[in-house]
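Engineer: So the protein lines, in turn, are chains A and B.
UniProt numbering puts the first residue of the first sequence at 1, with every later residue one more than the last.
UniProt numbering puts the first residue of the second sequence at 1, with every later residue one more than the last.
If you're looking for bench data, these hints aren't it; they were derived computationally from the structure.
What you are looking at is a predicted structure, and each value in this text was computed from that prediction instead of being measured.
Mixed in with the good hints there might be a few duds.
Pairs count within a copy or across copies, as identical chains cannot be separated in the list.
Claimed, not checked - Taking lysine to aspartate or glutamate pairs in the DMTMM-like style, the calculated list, with each CA pair at most 25 angstroms apart, reads:
1. K372 <-> E451
2. K319 <-> D153
3. K31 <-> D279
4. K403 <-> E199
5. K6 <-> E354
6. K311 <-> D129
7. K471 <-> D124
8. K72 <-> E355
9. K437 <-> E378
10. K437 <-> E199
11. K71 <-> D85
12. K210 <-> D153
13. K319 <-> E26
14. K71 <-> E355
15. K6 <-> D153
16. K369 <-> E22
17. K471 <-> E32
18. K71 <-> E354
19. K319 <-> E422
20. K311 <-> E9
21. K368 <-> D185
22. K31 <-> D310
23. K31 <-> E21
24. K319 <-> E9
25. K369 <-> E456
26. K319 <-> E21
27. K71 <-> E450
28. K404 <-> E261
Protein chains: 2
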Amino acid sequence: MNPLIKNVEYAVRGQLAIRAEELRQELAEGKEYPFDRIVNCNIGNPQQLNQQPITFFRQVSSLCDNPDLLKKENFSIVSQLYPLDAIQRARSLLASIGSVGSYSHSQGVPAIRHTVAQFIKQRDGYGSDPNHIFLTQGASSGVQTLLSMLTQDSNSGIMIPIPQYPLYSASLALYGATPVPYYLDEETGWSLSVDQLTEVITTARSQGTKVKALVIINPGNPTGQCLSAENMQDIVDFCWKQRIVLLADEVYQTNIYQPKERPFISFKKALMEHSLARDHLELVSFHSISKGMIGECGRRGGYFECVNLDKQVLEQIYKMASVSLCPNLHGQILVDLMCNPPRLGDPSYESYKEEIERIYESLRRRSKKLEKVFNQMEGVSCQPAHGSMYLFPQVTLPPKAIKKANELNMAPDAYYAMAMLEATGVCVVPGSGFGQKDHSWHFRSTFLPEEHLFDEFCNALLRFHQDFIEKYS
Amino acid sequence: MNPLIKNVEYAVRGQLAIRAEELRQELAEGKEYPFDRIVNCNIGNPQQLNQQPITFFRQVSSLCDNPDLLKKENFSIVSQLYPLDAIQRARSLLASIGSVGSYSHSQGVPAIRHTVAQFIKQRDGYGSDPNHIFLTQGASSGVQTLLSMLTQDSNSGIMIPIPQYPLYSASLALYGATPVPYYLDEETGWSLSVDQLTEVITTARSQGTKVKALVIINPGNPTGQCLSAENMQDIVDFCWKQRIVLLADEVYQTNIYQPKERPFISFKKALMEHSLARDHLELVSFHSISKGMIGECGRRGGYFECVNLDKQVLEQIYKMASVSLCPNLHGQILVDLMCNPPRLGDPSYESYKEEIERIYESLRRRSKKLEKVFNQMEGVSCQPAHGSMYLFPQVTLPPKAIKKANELNMAPDAYYAMAMLEATGVCVVPGSGFGQKDHSWHFRSTFLPEEHLFDEFCNALLRFHQDFIEKYS
Chain A
1 MNPLIKNVEY AVRGQLAIRA EELRQELAEG KEYPFDRIVN CNIGNPQQLN QQPITFFRQV
61 SSLCDNPDLL KKENFSIVSQ LYPLDAIQRA RSLLASIGSV GSYSHSQGVP AIRHTVAQFI
121 KQRDGYGSDP NHIFLTQGAS SGVQTLLSML TQDSNSGIMI PIPQYPLYSA SLALYGATPV
181 PYYLDEETGW SLSVDQLTEV ITTARSQGTK VKALVIINPG NPTGQCLSAE NMQDIVDFCW
241 KQRIVLLADE VYQTNIYQPK ERPFISFKKA LMEHSLARDH LELVSFHSIS KGMIGECGRR
301 GGYFECVNLD KQVLEQIYKM ASVSLCPNLH GQILVDLMCN PPRLGDPSYE SYKEEIERIY
361 ESLRRRSKKL EKVFNQMEGV SCQPAHGSMY LFPQVTLPPK AIKKANELNM APDAYYAMAM
421 LEATGVCVVP GSGFGQKDHS WHFRSTFLPE EHLFDEFCNA LLRFHQDFIE KYS
Chain B
1 MNPLIKNVEY AVRGQLAIRA EELRQELAEG KEYPFDRIVN CNIGNPQQLN QQPITFFRQV
61 SSLCDNPDLL KKENFSIVSQ LYPLDAIQRA RSLLASIGSV GSYSHSQGVP AIRHTVAQFI
121 KQRDGYGSDP NHIFLTQGAS SGVQTLLSML TQDSNSGIMI PIPQYPLYSA SLALYGATPV
181 PYYLDEETGW SLSVDQLTEV ITTARSQGTK VKALVIINPG NPTGQCLSAE NMQDIVDFCW
241 KQRIVLLADE VYQTNIYQPK ERPFISFKKA LMEHSLARDH LELVSFHSIS KGMIGECGRR
301 GGYFECVNLD KQVLEQIYKM ASVSLCPNLH GQILVDLMCN PPRLGDPSYE SYKEEIERIY
361 ESLRRRSKKL EKVFNQMEGV SCQPAHGSMY LFPQVTLPPK AIKKANELNM APDAYYAMAM
421 LEATGVCVVP GSGFGQKDHS WHFRSTFLPE EHLFDEFCNA LLRFHQDFIE KYS
């Protein structure tokens with residue numbers, strides 16, 4: 001077998017998640033545990049934890065799936081179940097798609113790419129070219145396409161944050177390329193120092209690594225920080241001067257919990273406002289339907305926009321997309337809806353707005369509550385999340401716990417997380433799965449458990465932590 | 001950029017298809033051509049050419065998409081639009097899935113893998129383990145996963161047929177591995193000689209290539225042949241003796257047009273009937289919702305079954321699947337429906353059966369008609385299709401046409417196909433995109449144009465060919 005495969009690690013669905021599945025099955029079979037359900041906080045999968053889908057989106061998608069409902073003879077019945085704007089949108093989508101059962105253009109349905117371009121223009125105030133947009137099966141597949149194109153062998157380096165979402169390290173391991181890590185600074189809210197970036201790239205180059213690109217995850221995953229406008233200008237400046245590609249993972253762009261102090265700014269906008277780099281720096285920005293208030297993870301939909309990429313490179317990306325034929329149409333439809341939701345005056349506007357705001361406010365409340373809970377725990381400190389769906393607290397583990405973990409050949413934070421799972425049914429991801437400074441221990445938890453169960457969830461974590469510390473102190 | 005990317009070629013959506021898109025746009029803008037529409041025969045995309053989806057499948061899928069329709073208070077209205085078995089199936093699918101907006105198990109929803117295992121058992125008469133089944137985003141992504149795992153560098157070889165579906169050559173180029181070609185014999189209906197396989201593997205090994213696997217596409221793509229039981233036993237025997245993995249691309253298993261003389265037999269069944277190899281030979285078999293009478297290409301759904309693979313290898317496949325999180329749920333749902341369609345006695349059984357049979361009979365008629373048309377053309381010979389969606393005629397091109405193509409730095413069959421597109425609007429794929437014996441020229445065409453337009457389509461091809469031959473003779 002390809003030995004590179006063995007080097008791939010993907011903790012979000014690793015050992016802990018596999019054990020959680022076993023426990024779930026055993027619970028279903030009636031086996032007794034100190035908890036009655038598994039709570040998957042290891043992955044940002046909102047609808048698994050009963051977040052409701054956006055009604056209008058599902059209405060349009062289901063009409064596209066069953067075009068018999070759009071026939072004239074069914075209108076009087078169907079209009080009792082569906083608002084008029086959902087019917088109209090489904091008709092206009094099908095007019096450009098044909099059938100959700102057909103392969104589309106490999107890059108995605110042209111009309112949907114046009115919608116995405118309009119969305120970007122409206123968001124940033126700068127135009128976007130539909131031909132430079134590629135629809136994807138979730139952001140992950142787009143990231144993998146770009147990383148595989150930018151790297152060649154272990155001489156190719158990609159700068160990635162530590163901590164990072166392990167898609168990056170896993171993909172680089174698979175392609176045999178070299179991760180060039182830079183560290184986010186926990187004490188200052190996981191901030192990013194451009195001086196450090198310069199140091200890191202200089203060292204990597206002096207060691208013979210050809211650094212191809214910088215990955216930025218903004219808002220951060222697992223860290224939740226959101227970059228400031230000034231910081232972003234410095235990052236653009238850095239990439240431009242170093243002549244490297246900027247890969248901006250912006251899938252959490254609407255999960256922003258301090259919108260006044262720290263609003264989301266896209267790297268496209270930051271680039272357009274950098275007068276020297278705007279026509280030169282190569283930027284690829286990724287977005288997804290899986291996150292935000294939408295949470296349609298299971299559809300696998302997303303897009304990336306390419307800025308300042310050579311025509312020949314775009315042709316190569318198109319070719320690679322065409323080998324996979326096309327992204328699935330249900331994902332593409334959701335991208336269209338995400339980028340062009342109901343507008344003021346549309347029949348579905350009020351309910352759409354209410355649903356989005358309800359989910360948003362609830363996520364923000366839960367984020368704050370869980371942050372407080374973590375900071376109450378002995379030896380735990382947790383930075384607030386400006387954005388994303390995660391908190392990434394640091395845990396000071398007792399030496400006895402670390403010793404025990406070492407005996408079991410486990411990372412100490414993996415040992416802690418496994419103990420948490422066995423005691424509470426809550427599955428988180430150990431910090432070692434994302435990378436962290438040596439001898440510091442973390443875990444990543446979503447704040448997605450349902451609000452009416454949230455206190456129970458928090459209390460279980462508090463009790464577990466106290467017991468764990470007592471046991472090992 | 002990774003230089004391997006530049007080596008990738010994928011003719012099915014190559015230069016011809018790009019030109020066809022341009023023509024389609026120009027037609028839409030009112031530009032005049034000798035034809036009034038583009039007919040995409042370059043890709044097996046039935047619904048693009050107005051093949052109707054299976055009603056029951058779309059009903060279930062749309063109910064899963066909009067679970068509000070399953071609420072009790074809507075039953076009296078919804079039951080006017082949906083048959084009871086569709087409502088029941090959607091309920092039971094959602095009970096195991098949760099929401100189509102959630103990530104599922106990385107390997108696919110366990111209940112759907114169970115359905116697939118039952119389907120395989122029913123088809124072959126031998127059991128199947130749901131834990132050895134991986135749901136995928138179309139067969140292509142499964143093939144790519146396996147090829148990337150089996151190969152490492154240019155010393156790793158994979159035996160592929162010539163002609164072949166270019167997914168194989170494209171993926172091997174991307175992974176930097178070596179294709180080890182074996183030739184199908186056109187004169188004997190694209191038959192496969194196991195003696196030749198032995199010669200080919202011996203030569204490849206003597207040149208230092210580590211041959212890892214044999215790819216068989218059955219029924220063939222682009223060639224349409226269907227293997228006999230005896231031939232399959234010899235192939236199983238060959239792989240077992242040579243200790244290589246057998247990768248069986250069986251996506252056209254229901255597109256069988258001579259079911260009595262040449263029925264489809266799965267390699268799983270062939271393996272189980274080989275008393276020596278059955279517990280040893282590693283087999284991976286791929287299937288898809290995109291082909292057959294279903295043609296749900298745009299959903300990107302499929303599965304592969306692993307037989308006799310080591311537990312550790314299965315764990316690695318699981319890990320790679322988990323980096324991509326999960327196959328999209330709409331594709332997974334269609335896999336469930338394909339493997340467990342309405343049964344005798346169900347409300348939807350009769351209409352389901354009628355739809356499948358109507359599409360099947362029409363495909364068979366069109367296959368025969370197009371084969372006849374090709375064999376009428378001067379200098380063209382075409383083997384009948386036992387199965388699949390394609391014909392792959394050989395064209396004797398006049399020396400002047402070959403000379404002209406050489407001047408333009410085009411493969412002669414690409415030149416021929418481009419002339420066909422410009423004259424008729426029909427887009428096919430030149431044989432050079434699939435591989436062929438030196439100095440022979442072919443093209444692949446689907447027989448998917450609608451039946452009421454089929455004579456017009458055939459006549460356009462006949463006229464074009466005659467004009468082309470006259471022009472260059």
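Engineer: Evaluate each hint against the coordinates.
Structural biologist: So, going through the hints one by one against the coordinates:
1. With identical chains, the CA atoms of K372 and E451 are at most 25 angstroms apart within one copy only, with a shortest distance of 15 angstroms there and 67 angstroms across copies.
2. Taking CA atoms no more than 25 angstroms apart as the test, K319 paired with D153 passes in both settings, with 21 angstroms inside one copy and 22 angstroms between copies.
3. With identical chains, the CA atoms of K31 and D279 are never at most 25 angstroms apart, being 62 angstroms at best within one copy and 35 angstroms at best between copies.
4. Taking CA atoms no more than 25 angstroms apart as the test, K403 paired with E199 passes in neither setting, with 35 angstroms inside one copy and 59 angstroms between copies.
5. Neither within a single protomer nor between protomers do K6 and E354 lie at most 25 angstroms apart by alpha-carbon distance, with minima of 47 angstroms and 49 angstroms respectively.
6. Taking the closest pair of Cα atoms, K311 and D129 come within 25 angstroms of each other only inside a single copy of the chain (13 angstroms); across copies the shortest separation is 47 angstroms, beyond that limit.
7. Neither within a single protomer nor between protomers do K471 and D124 lie at most 25 angstroms apart by alpha-carbon distance, with minima of 53 angstroms and 56 angstroms respectively.
8. Only between protomers do K72 and E355 lie at most 25 angstroms apart by alpha-carbon distance; the minimum there is 22 angstroms, versus 30 angstroms within a single protomer.
9. Within a single copy, K437 and E378 get their C-alpha atoms as close as 20 angstroms, which meets the 25 angstroms cut-off; across copies the closest is 73 angstroms, which misses it.
10. For a Cα distance limit of 25 angstroms, the shortest separation of K437 from E199 inside one copy, 17 angstroms, qualifies, whereas the shortest one across copies, 56 angstroms, does not.
11. With identical chains, the CA atoms of K71 and D85 are at most 25 angstroms apart both within one copy (16 angstroms) and between copies (22 angstroms).
12. In this homomeric assembly, K210 and D153 come within 25 angstroms of each other (Cα to Cα) both inside a single copy, at 10 angstroms, and across copies, at 21 angstroms.
13. For the identical chains of this complex, K319 and E26 are inter-copy neighbours only, at 22 angstroms across copies versus 46 angstroms inside a copy, given an alpha-carbon limit of 25 angstroms.
14. In the homo-oligomer, the alpha carbons of K71 and E355 lie at most 25 angstroms apart only across protomers (19 angstroms), although the nearest pairing inside one protomer, at 29 angstroms, exceeds that limit.
15. In this assembly of identical chains, K6 and D153 lie within 25 angstroms of each other by CA distance both inside one copy and across copies; the values are 16 angstroms within and 15 angstroms between.
16. In the homo-oligomer, the alpha carbons of K369 and E22 never lie at most 25 angstroms apart, since the shortest distance is 30 angstroms inside one protomer and 55 angstroms across protomers.
17. Within a single copy, K471 and E32 get their C-alpha atoms as close as 23 angstroms, which meets the 25 angstroms cut-off; across copies the closest is 82 angstroms, which misses it.
18. Taking identical chains as interchangeable, the C-alpha atoms of K71 and E354 lie at most 25 angstroms apart only when they sit on different chains, with a minimum of 21 angstroms there against 30 angstroms within one chain.
19. Taking the shortest alpha-carbon separations for K319 and E422, only the inter-copy value of 23 angstroms comes in at or below 25 angstroms, while the best intra-copy value is 47 angstroms.
20. For the homomeric pair K311 and E9, the shortest alpha-carbon distance between copies (18 angstroms) is at most 25 angstroms, but the shortest distance inside one copy (34 angstroms) is not.
21. With identical chains, the CA atoms of K368 and D185 are at most 25 angstroms apart within one copy only, with a shortest distance of 21 angstroms there and 69 angstroms across copies.
22. With identical chains, the CA atoms of K31 and D310 are never at most 25 angstroms apart, being 59 angstroms at best within one copy and 30 angstroms at best between copies.
23. In the homo-oligomer, the alpha carbons of K31 and E21 lie at most 25 angstroms apart inside one protomer (14 angstroms), although the nearest pairing across protomers, at 59 angstroms, exceeds that limit.
24. Proximity of K319 and E9 under a CA criterion of 25 angstroms is satisfied inter-copy only: 8 angstroms between copies versus 28 angstroms inside one chain copy.
25. Only within a single protomer do K369 and E456 lie at most 25 angstroms apart by alpha-carbon distance; the minimum there is 12 angstroms, versus 69 angstroms between protomers.
26. Taking the shortest Cα distances, K319 and E21 sit within 25 angstroms of each other only across copies (15 angstroms), while inside one copy they are farther apart (38 angstroms).
27. In this homomeric assembly, K71 and E450 come within 25 angstroms of each other (Cα to Cα) only across copies, at 22 angstroms, whereas the closest approach inside a single copy is 39 angstroms.
28. Proximity of K404 to E261 under the C-alpha cut-off of 25 angstroms is found in neither arrangement, the shortest distances being 43 angstroms within a copy and 67 angstroms between copies.
Consistency note: the structure conflicts with the earlier hints numbered 3, 4, 5, 7, 16, 22, 28.
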